[in-house]
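Asks: Residue numbers (the numbering used here), protein chains in the order written: chain H, 160 to 535; chain D, 19 to 383.
These aren't lab readings, by the way, just hints derived from the structure by calculation.
Incorrect hints may have been included.
Pair ranges (Cβ atoms, derived) [stated by the list, open to error]:
id, chain 1, residue 1, chain 2, residue 2, range
1, H, Glu394, D, Glu334, 46 to 52 Å
2, H, Gln283, D, Pro326, 52 to 58 Å
3, D, Asp174, H, Gln312, 53 to 59 Å
4, H, Glu462, D, Phe98, 54 to 60 Å
5, H, Gln283, D, Arg157, 51 to 57 Å
6, H, Trp366, D, Pro111, 33 to 39 Å
7, H, Gln443, D, Arg281, 34 to 40 Å
8, D, Ala251, H, Val163, 53 to 59 Å
9, H, Arg467, D, Arg180, 29 to 35 Å
10, D, Phe98, H, Val163, 41 to 47 Å
11, H, Ser421, D, Leu233, 51 to 57 Å
12, H, Glu402, D, Lys106, 51 to 57 Å
13, D, Pro326, H, Val163, 48 to 54 Å
In this text the structure is predicted, and so the values were computed from the model without any measurement.
The beta carbon of each residue, even a glycine, is placed where N, CA and C say it ideally should be.
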Amino acid sequence: MKHVDEYRDPSLAAALVRRIAALAGDARVQIMEVCGGHTHAIYKHGLDQLLPEGVELVHGPGCPVCVIPMGRVDDAIHIARRPEVIFATYGDMMRVPGSAGCLLDAKAAGADVRVVYSPLDALQLALRHPEREVVFFAIGFETTAPATAVTLQRARAAGVGNFSVFCNHVTILPAIKAILDSPGMRLDGFLGPGHVSTVIGTEPYRWIPERYRLPIVVAGFEPLDVLQSVAMLLEQLRDGRREVENQYARVVSKDGNPRALSAIAETMELRPQFEWRGLGFIGQSGLRLRRELAAWDAEARFEVPGARIADPKSCQCGEVLKGVLKPWQCRVFGTACTPETPIGTCMVSSEGACAAYYTYGRYELRRQAETVAQHP
Amino acid sequence: MSDKPTLAETMARIGRASERRRSAPPLREERVTLSHGSGGKASHALVESVFAAELSNPLLDPLDDSAVLPAPTGAGGLAFTTDSYVVKPLFFPGGDIGRLAVHGTVNDLAMAGARPLYVSLGVILEEGFPIADLRRIVRSLRQAAEEADVRVVTGDTKVVERGKADGVYLNTAGIGELRAGVRLSAAAARPGDRVLVSGRLGDHGVAILVARAELELESAVESDSAPLHGLVASLLAAAGDGVHALKDPTRGGLATALNEIARASAVGVRLDEARLPVGVEVRGACEILGIDPLHLANEGKLVALVAPERAEAALEALRAHPLGREAALVGEVVEEPPGMVVLRTALGGRRVVDMLAGDALPRIC
Numbered sequence: 160m161k162h163v164d165e166y167r168d169p170s171l172a173a174a175l176v177r178r179i180a181a182l183a184g185d186a187r188v189q190i191m192e193v194c195g196g197h198t199h200a201i202y203k204h205g206l207d208q209l210l211p212e213g214v215e216l217v218h219g220p221g222c223p224v225c226v227i228p229m230g231r232v233d234d235a236i237h238i239a240r241r242p243e244v245i246f247a248t249y250g251d252m253m254r255v256p257g258s259a260g261c262l263l264d265a266k267a268a269g270a271d272v273r274v275v276y277s278p279l280d281a282l283q284l285a286l287r288h289p290e291r292e293v294v295f296f297a298i299g300f301e302t303t304a305p306a307t308a309v310t311l312q313r314a315r316a317a318g319v320g321n322f323s324v325f326c327n328h329v330t331i332l333p334a335i336k337a338i339l340d341s342p343g344m345r346l347d348g349f350l351g352p353g354h355v356s357t358v359i360g361t362e363p364y365r366w367i368p369e370r371y372r373l374p375i376v377v378a379g380f381e382p383l384d385v386l387q388s389v390a391m392l393l394e395q396l397r398d399g400r401r402e403v404e405n406q407y408a409r410v411v412s413k414d415g416n417p418r419a420l421s422a423i424a425e426t427m428e429l430r431p432q433f434e435w436r437g438l439g440f441i442g443q444s445g446l447r448l449r450r451e452l453a454a455w456d457a458e459a460r461f462e463v464p465g466a467r468i469a470d471p472k473s474c475q476c477g478e479v480l481k482g483v484l485k486p487w488q489c490r491v492f493g494t495a496c497t498p499e500t501p502i503g504t505c506m507v508s509s510e511g512a513c514a515a516y517y518t519y520g521r522y523e524l525r526r527q528a529e530t531v532a533q534h535p
Numbered sequence: 019m020s021d022k023p024t025l026a027e028t029m030a031r032i033g034r035a036s037e038r039r040r041s042a043p044p045l046r047e048e049r050v051t052l053s054h055g056s057g058g059k060a061s062h063a064l065v066e067s068v069f070a071a072e073l074s075n076p077l078l079d080p081l082d083d084s085a086v087l088p089a090p091t092g093a094g095g096l097a098f099t100t101d102s103y104v105v106k107p108l109f110f111p112g113g114d115i116g117r118l119a120v121h122g123t124v125n126d127l128a129m130a131g132a133r134p135l136y137v138s139l140g141v142i143l144e145e146g147f148p149i150a151d152l153r154r155i156v157r158s159l160r161q162a163a164e165e166a167d168v169r170v171v172t173g174d175t176k177v178v179e180r181g182k183a184d185g186v187y188l189n190t191a192g193i194g195e196l197r198a199g200v201r202l203s204a205a206a207a208r209p210g211d212r213v214l215v216s217g218r219l220g221d222h223g224v225a226i227l228v229a230r231a232e233l234e235l236e237s238a239v240e241s242d243s244a245p246l247h248g249l250v251a252s253l254l255a256a257a258g259d260g261v262h263a264l265k266d267p268t269r270g271g272l273a274t275a276l277n278e279i280a281r282a283s284a285v286g287v288r289l290d291e292a293r294l295p296v297g298v299e300v301r302g303a304c305e306i307l308g309i310d311p312l313h314l315a316n317e318g319k320l321v322a323l324v325a326p327e328r329a330e331a332a333l334e335a336l337r338a339h340p341l342g343r344e345a346a347l348v349g350e351v352v353e354e355p356p357g358m359v360v361l362r363t364a365l366g367g368r369r370v371v372d373m374l375a376g377d378a379l380p381r382i383c
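Please work from the sequences and hints to get the whole structure.
Replies: Right, here's the structure in full:
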């Protein structure tokens, strides 16, 4: 298959793995892949097992589903339950638990919840159902925010009065900073989020090498992209360089996508604070609709409880999102918390570190456990 | 002369009318109404005009409360199965709910190694459903039954109010005759068995996804819906009791079918990604939607677990059959870890292949 197979060539991959092994030597290196898309690709292709023992991939906070706190899910369900509302959401959010059930439960209890693939589909729903109120559950980083922004611009231009957005968009940089500032953090470099970078470019990462003396390589999502990016990071470390490098240059440019950025800027503004699942409140990290778009802002149009719901005590998603714990080190991983009965968000989305690890990585875990048992 | 009818003329006229009423009353409506489910005259009109006429055979034609079937001749015993069909949309590239209702049940019988003989047909209709669509479905079902050499011998129709069902639901149960000595079971896989699939994976799943038109994807992929008992007969003739287990990987795909076998047999299954036959369009759709072809439904494929010494003969037999031309050896049964399916990726890594949790929900980025 064109544009895919060339990035999955087994012999090129083997050559990259050999180069990584040579570069790494006996060193112990911890690399955080910021984006959930990378986590998924790493497990889907078994890349973690191809790396030398000393090179460890740590999963970062870049799974858009995983960072939504329980209180926001409760607010979403509260809106979805209104009889006049058609609540449109990405499929991944359907099973994310709130304090009393998820959207799938609300749907079973009678709420009109529909899965859409794009906010423009939600706008279409509003045009087809003028007698109903269509609310779009907007989530995601700078990757999905432009689509929400363009939809809002179209809704305003066409004067669609029965459409609104429940905005939960977040920005990645404050989350990276929060992780770098959290105590006990030991990272040697980052695989930068490829899709976010198509929008924001590579310039905004400059403070990472400058202030924290850490290298970052913006990476694509195919196996060869990930492996090459790891090799580029190791080369920086070997040469004593600390830079922003762009492995994903076929898609990502230095300045990003100015039209997407201006669409976001025209429709959304930073919130002073936004709560992240497991990471707590992070300043200037969430987006809300600009005041002039209040007519399309679900938070302005509908009463929401807006309560802060503490994460379940047993759930250690925060530690997993910060990379402090590996998924399997969480107390409830694979026992109380599984993809069928998730407690934490990391177990829901296929980009969540726990779901990816549970789905794809259990065999490895078992093998390791047996090896330890045989050679204690 | 009086123009009044004589008593004899009147009696004759009434006689002719009641005769007409007894024989199939005409079906004039264009849409199903609640009276078609009343059990009265409208019901009879629907059954006679749409079902009995199309599906006619000596076992069905009496339209009695039960079909009376001849006793089986062989010593192998009977296989009996049932399945309900709620596919959306009702018509899709490569098939429709009628064909599916035959193939699904015929294939469940075939996976037990049985020769399918008879099926029943239960129909639940939503008020307002177009009669023309119903005729189209029943015609297609009849053709599929003819191709599969099974007869519809009994049936039932119900109508529910508008909004209480989605167009039409079908249920078929099937009876088949087992070949003497054939005992296939998901619990019979043994370490060393080879894993064979009869062709490309995921065509039905992608055909349905695209036909739903929610994704604005276009593709030429057609459902692979087909009856598999002929293919199974060829396989059993070639590999005999070397065939330990058969499954048709429908909902949940090959991943689910192999996990079921791994659990039932308490063995591990090792798959080789590079050997899995997946069409380029299905791969493309999976890449775009973030789904795994191993989780996509098939309606005309089987997976066979075959003793290693018979695997080559089995593969040849599959490939010699029109429905198995692209058959492939994709993996083997191992002792460890029991109950688990592990895939060796094309790059040499490993990952667990699990059953699907919930729906196949596409990722967003």
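Asks: Confirm or reject each hint.
Replies: Hint check:
1. H:Glu394 with D:Glu334: 46 to 52 Å: At roughly 51 Å between Cβ atoms, Glu334 of chain D and Glu394 of chain H fall inside 46 to 52 Å, so the hint holds.
2. H:Gln283 with D:Pro326: 52 to 58 Å: About 55 Å separates the Cβ atoms of Gln283 of chain H and Pro326 of chain D, which means 52 to 58 Å holds.
3. D:Asp174 with H:Gln312: 53 to 59 Å: holds, 55 Å
4. H:Glu462 with D:Phe98: 54 to 60 Å: holds, 56 Å
5. H:Gln283 with D:Arg157: 51 to 57 Å: Between Gln283 of chain H and Arg157 of chain D, where Cβ atoms are some 35 Å apart, the hint is violated.
6. H:Trp366 with D:Pro111: 33 to 39 Å: violated, 52 Å
7. H:Gln443 with D:Arg281: 34 to 40 Å: violated, 50 Å
8. D:Ala251 with H:Val163: 53 to 59 Å: violated, 38 Å
9. H:Arg467 with D:Arg180: 29 to 35 Å: Hint violated: Cβ distance 45 Å, outside 29 to 35 Å.
10. D:Phe98 with H:Val163: 41 to 47 Å: Holds, at about 45 Å.
11. H:Ser421 with D:Leu233: 51 to 57 Å: violated, 28 Å
12. H:Glu402 with D:Lys106: 51 to 57 Å: Hint holds: Cβ distance 52 Å, inside 51 to 57 Å.
13. D:Pro326 with H:Val163: 48 to 54 Å: The hinted range 48 to 54 Å is violated for Pro326 of chain D and Val163 of chain H, with Cβ atoms some 34 Å apart.
Of the numbered hints listed earlier, those contradicted by the structure are 5, 6, 7, 8, 9, 11, 13.
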